[in-house]
Amino acid sequence: MFKQIMIPLVSLALASSCYAAKNKNSSSIQIKGSDTMVNLVQSWAEKYMEKNPSDFIAVTGGGSGTGLSSLISGTCDIAMSSRNIKEKEIALAKPKGIVPFELQVGLDGLAVVVNPSNPVDKLTLGQLSGIFTGKIGNWKEVGGHDLEIVLLSREVNSGTHVYFKEHVIRKNDPANKDEFSPKALMLSSSQAIADEVASNPGAIGYYGMGYISLKHKPVSIAANEKSEYAAPIIENVLNGKYPISRPLFLYTKGEPSGPVKKFVDFALSKEGQEIVLATDFVPVSK
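With the numbering used here applied, the sequence shown has no gaps in its numbers, which climb one by one up to 814 at the end.
Treat the hints as calculated values from the structure; they're not laboratory data. C-beta: ideal position from N, C-alpha, C; glycine also. Careful: at least some of the hints might be erroneous.
[To be verified] Pairwise CB distance ranges (calculated): (1) G782 / G662: 42 to 48 Å; (2) E756 / S582: 25 to 31 Å; (3) K754 / K579: 48 to 54 Å.
[Stated by the list, open to error] Think about it this way: if two alpha-carbon atoms lie no more than 25 Å apart in a straight line, the pair counts; the simulated SDA-like pairs of lysine to any residue are: (4) K705 / P775; (5) K575 / K754; (6) K663 / K711; (7) K711 / P647; (8) K754 / T661.
All chains should be built: construct the whole structure from the sequences, respecting the hints.
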């Protein structure tokens, strides 16, 4: 399973600034956004910098909304997003002369996870909606122990949060106005959800399937009671059996050019897409 690589991003950014000042032929790229995509894009950046030692790339998370806001404000060159850009964000970019350019770079299965001690190993989308809206509050209601359900969610600026609300809680119904239960704990990162699930027997949370580890138990999901249950694995995302999957995007200021284009081209190359697969996401090209 995918092992996270922790790198001091602040140090990387500082090193990039210092070196760039000495080397006029170097380039520095700032990438911000989706926490789901941080490990993937960091892996791209590491391999890219091995091939291009005079170039530096700093990658930081904060959520899809944060990344797109940074792109619009001019504080990053590329935004990572696990959702499509919103019309209001495009409208905010227009007065600044920015036309966001969208590139789909992979696919992700959104894993629903519980503590390994929890006997529940499968749920329907309807049950998930009931759990996260608070209509189902005890694990015994879905075949588990007599234990209160502890809800974990990403914060509202996260593309993962938005996707889960629209496609799971609201069941892809634009007329549905259901919201997360007020009891849901809004956590700042996928890693924070992973840590809490690992230590809390009553917890349930969700994150990109690249974060799954032996400390969590992924739940198989079915669209309804008559559908087949499918685990969050690459094969099931590719064949369409897993019902909670989504595209992953990079956004640039207009069609990419220069160093940004060079990096994006690498991400979409055969080698870049092999990294997508190695980090437990699904490639868009081979």
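We went through each hint and held it up to the structure:
For G782 and G662, the hinted distance range of 42 to 48 Å is satisfied, since their beta carbons lie about 44 Å from each other. Judged by the Cβ atoms, the range 25 to 31 Å given for E756 and S582 is violated: they are separated by roughly 51 Å. A hinted range of 48 to 54 Å holds for the C-beta pair K754 and K579, which are about 50 Å apart. Taken as a hint, the K705 and P775 pair is honoured in the structure, with Cα atoms around 23 Å apart against an allowance of 25 Å.
At roughly 45 Å between alpha-carbon atoms, K575 and K754 are farther apart than 25 Å, so this suggested pair is violated. Using a Cα cut-off of 25 Å, the hinted pair K663 and K711 holds, with the two alpha carbons roughly 11 Å apart. Only pairs whose Cα atoms come within 25 Å are accepted, and K711 paired with P647 is accepted, the gap being roughly 23 Å. Taking the CA atoms of K754 and T661, the gap is about 22 Å. The hint holds against a cut of 25 Å.
Violated hints for the displayed structure, listed by number in ascending order: 2, 5.
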